[in-house]
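Residue numbers (my numbering), protein chains in the order written: chain A, 1 to 266; chain B, 1 to 288; chain C, 1 to 283.
Please note that a few of the clues may not be correct.
What the hints assert, rightly or not - Straight-line Cα separation of at most 25 Å, SDA-like style, residue types lysine to any residue; simulated pairs:
| hint | chain 1 | residue 1 | chain 2 | residue 2 |
| --- | --- | --- | --- | --- |
| 1 | B | Lys14 | B | Asp68 |
| 2 | A | Lys8 | A | Gln78 |
| 3 | A | Lys114 | C | Val116 |
| 4 | B | Lys170 | A | Pro108 |
| 5 | A | Lys20 | C | Val116 |
| 6 | A | Lys114 | C | Met169 |
| 7 | C | Lys275 | B | Lys243 |
| 8 | B | Lys14 | B | Gly69 |
| 9 | A | Lys114 | C | Arg162 |
| 10 | B | Lys14 | C | Val116 |
| 11 | A | Lys20 | B | Arg145 |
| 12 | A | Lys200 | B | Tyr257 |
| 13 | A | Lys20 | B | Tyr257 |
| 14 | B | Lys82 | B | Ser10 |
| 15 | B | Lys256 | A | Gln78 |
| 16 | A | Lys114 | C | Val193 |
| 17 | B | Lys256 | A | Lys20 |
By construction, these hints were calculated from the structure, which means they are not laboratory data.
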Amino acid sequence: MADLYEVKDLHLSLPDLTRKPFLGPAPRIEILNGVSFTIAKGEILGIVGGSGSGKSTLGRALLRLLQPTGGSIHFDGQDITYLSEDRLRPSRRRFQMIFQDPMSSLNPRHRVGKIIAGPLQVQGMDHSPARVADALDHVGLPRSFAQRYPHELSGGQRQRIGIARAIALRPEFILADEIVSGLDVSSQAQVLNLLEGLVKDLGLTLGFISHDLSVIRRLCTRVLVLQQGRIVENAPTCQVFAAPSAAYTRELLDAIPLPDPDQVWV
Amino acid sequence: MSFLSIRNLSLRLKGGERLLRAVSLNVEAGEVRGLVGESGAGKSMIGKAVLGTLPQAVEVVSGEIWLDGVDLLTLPVGQRRKRIGGLAALIPQDPLTALNPSRRIGPQITDRLVDILSWKRDRAEARARELLAEVQIDGAERVLRSYPHELSGGMRQRILIASAFAAEPKLIIADEPTTALDVTVQKQILRLIAGMQARHDTALLFVTHDLGVVSKVCQNLTILYGGLVVEDASVRDFFHAPKHAYSRALLAATPKYTDPAASLLPVPDAVIAAVRAEVAAADEAWHG
Amino acid sequence: MADGRSQVRRGAGARLWLSGGWLLLIVLIAIAAPWIAPKDPLAQDLFSGRLPPFWVHGADRSFLLGTDSLGRDVLSRIIFGARIALQVALIAGTLTCLIGATLGLLAGFLRGWVDVLISRLIDIWMAFPPVLFSVLLIAVLGPGLFSIIVAIVVIDWTRFARVIRAEAMGQSVMDYVASAQVAGRGRIGTMLVEILPNVLPTIVVLLTLEMGIAVIVEAILSFVNLSISTDDPTWGGMIAEGRTSIHQAWWVLVFPLITLFLTVLAFSQLGEGLKDRFDPVLR
């Protein structure tokens, strides 16, 4: 199977503005320290790590929201690492993102219809109300929601709008960045089932960032474990859970409180 | 008599919407009880009602809150505040917003002791140092002089835990204390809370939406839906055989990484409808 | 989830109607001045000097609010004074807003050298003492409506720029901005489509506030005789004149003062009222 993403020795550092001297540049913090992996077409890749592991940064680098400071990223054979926005724009349709906090990822002063139609319009695609209605259908929301504002919806509904917006462009790859972290168990289940269905129906490749290994196990085919900007484990899901090779992975697994009073834990 | 006894507490928004429907629950001295519910179920409101921090827009319709033999709702505000301050404390959810960013840590811990409980300043400061050691923070002097933004999230939560135990309260309400934390940090913090609870023999009302956490820390639990108590059982009994349909569905919807075959079942619409009907029936009975 | 917001809402409606109503009245009066003013504001009649308002003994009913020491009708002068006040408010307010908000948006969103340049400019600009600056400016340009407007714009744009810059910075880290970038929207497009609607409520409030400030500045300048060069009445000028005869003819000072106060108050409340009424997030 062809690789959709090929990442080689990726480095990303950001300036630490809290320690900037009066004259001269700020010292840089290394967030990604030489990350290499591939994502095959049709894979659901879980990206796991604690805070400070760099998983969100990696996700944003894959979508070129951030520019790497070293290494390379190839999308479907094309080197997108240092492309300018203008050159990147036509390809952007092919990789999209769903964000963690639906409150801050949906513009509170835009109606739902405008939120979904926006990216379609930017990419020069059909952004008619019919197309928007179609997207809402796909995520199981009533068509009348197109007239509503985000604050009139529940967290789970807002998250589904985020999904609708992402799939409206019919991308090949979607990055889901902690999309169920703030949700109730019930809404979480709904959103994940929806996502799974869409991946199958639309033939998507998915990058799923999460700190919740239980969710990862349910959804993903392969798991990447990050610690301080480095990959410590990269293996198929069953292997990671049955026989994790990295001590850190084991630490993460051991830390999960299962809903079972008999689990040996604390 | 239980240390904390909430009897038929009903709350509503001043505009009319009901938030709690005749909720009754007890916490014995030294007991750890989980208060579980999805967002909007009203679990945070119960904690706020006990601590006297209900928002302006919420009012008590009826019910009693007995704390150590006294119904708090019959006390005038000043007396209530003093009584609660001496007996109960809160571990809040978000360590970032719970600490005042423009004040050093030290005063934020000692203020409560000095102002509400009239301790002498040096006694309060000595206590602060003791507490930081108890929550395993090294370099207490330096930390006491620091500002919140200079410390990590885990450290801030430890400080909030230390603050909560400062006046040796008999009851602590922990409002989703680990929701904002990493899974490995969560484990450390839960261990810490459990350890301190056991050592100080404090009653603990642990508010959360995470059944996994409940199964590790709590002895008993109460499940809420739409401001109504849906189930009340020991943790042991609950996880082996949940009685209410909604509780069963909630348990089924919680992902377990040890069980790969389990599909994530959202709470079925039929179950939601049934429990909503219960809530409506409770409202009817209340009116009539 | 409902909260105390609904109680705030109830007050907002009254605020909008009252302030909007007053300002509309002032605008209509200003436009219709030549037709509705009972007397010629410049007409002096020394025999009718210092007549009290109509409800006081010894008044002349044709001078409803009384006359000043030169026999000029106070009411008519207030009506004509509204013209100057409003011109300054609307023109200076709008220009200040356009310049300041645009620069603030660009600085706050684009960051980089654009921000460095604009921020340094604001810092240096704000270091000039405003009163001195405006006096110098008027001395150079000569008195007149144009000079006042220029003075206000030149000094106050920094207020807008600072505030809007901070707001734009806060907005630019929101995920919906990242989402626009992921969709391929360009920077200027993102600024207009995503950032501007969220900054607009603040702009509206600042704009109306600025209009109120412009009215006061004009009043102050005409108080010290640095305003318009003609004999046209201004509220500030009337207040200055009224000061000298306050014991014999209190109405010459009080009525323009009340009008000034109500107008400035109305401007400040209008912005808040509009924001409360039209911002979808607050509804």
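Evaluation of the provided hints:
1. Of the supplied pair hints, the one linking Lys14 of chain B and Asp68 of chain B is violated, its CA atoms being roughly 29 Å apart against a limit of 25 Å.
2. Straight-line distance between C-alpha atoms of Lys8 of chain A and Gln78 of chain A comes to about 13 Å, which keeps the hinted pair within the 25 Å bound.
3. Simply put, Lys114 of chain A and Val116 of chain C have alpha-carbon atoms about 34 Å apart, too far for the 25 Å limit, and the pair is violated.
4. Of the pairs offered as hints, the one joining Lys170 of chain B and Pro108 of chain A is violated, with about 44 Å between alpha carbons and a cut-off of 25 Å exceeded.
5. Between Lys20 of chain A and Val116 of chain C the alpha-carbon distance is near 15 Å, which keeps this suggested pair within the 25 Å criterion.
6. The hinted pair formed by Lys114 of chain A and Met169 of chain C meets the criterion: a straight-line CA distance of about 23 Å does not exceed 25 Å.
7. Under the criterion of a C-alpha separation no larger than 25 Å, the hint pairing Lys275 of chain C with Lys243 of chain B is inconsistent with the structure, at around 51 Å.
8. Only pairs whose Cα atoms come within 25 Å are accepted, and Lys14 of chain B paired with Gly69 of chain B is rejected, the gap being roughly 29 Å.
9. Proposed proximity of Lys114 of chain A and Arg162 of chain C is contradicted: the alpha carbons are some 30 Å apart, above 25 Å.
10. For the hint linking Lys14 of chain B to Val116 of chain C, the alpha-carbon distance of about 49 Å lies beyond 25 Å, and the restraint is violated.
11. Note on Lys20 of chain A and Arg145 of chain B: the hinted pairing holds, with a Cα-Cα distance of about 23 Å set against a maximum of 25 Å.
12. With a C-alpha separation of about 22 Å, the suggested pairing of Lys200 of chain A with Tyr257 of chain B holds against the 25 Å cut-off.
13. About 44 Å separates the Cα atoms of Lys20 of chain A and Tyr257 of chain B, which puts this hinted pair outside 25 Å; it is violated.
14. Simply put, Lys82 of chain B and Ser10 of chain B have alpha-carbon atoms about 24 Å apart, close enough for the 25 Å limit, and the pair holds.
15. Taken as a hint, the Lys256 of chain B and Gln78 of chain A pair is broken in the structure, with Cα atoms around 39 Å apart against an allowance of 25 Å.
16. Proposed proximity of Lys114 of chain A and Val193 of chain C is supported: the alpha carbons are some 10 Å apart, at most 25 Å.
17. For the hint linking Lys256 of chain B to Lys20 of chain A, the alpha-carbon distance of about 45 Å lies beyond 25 Å, and the restraint is violated.
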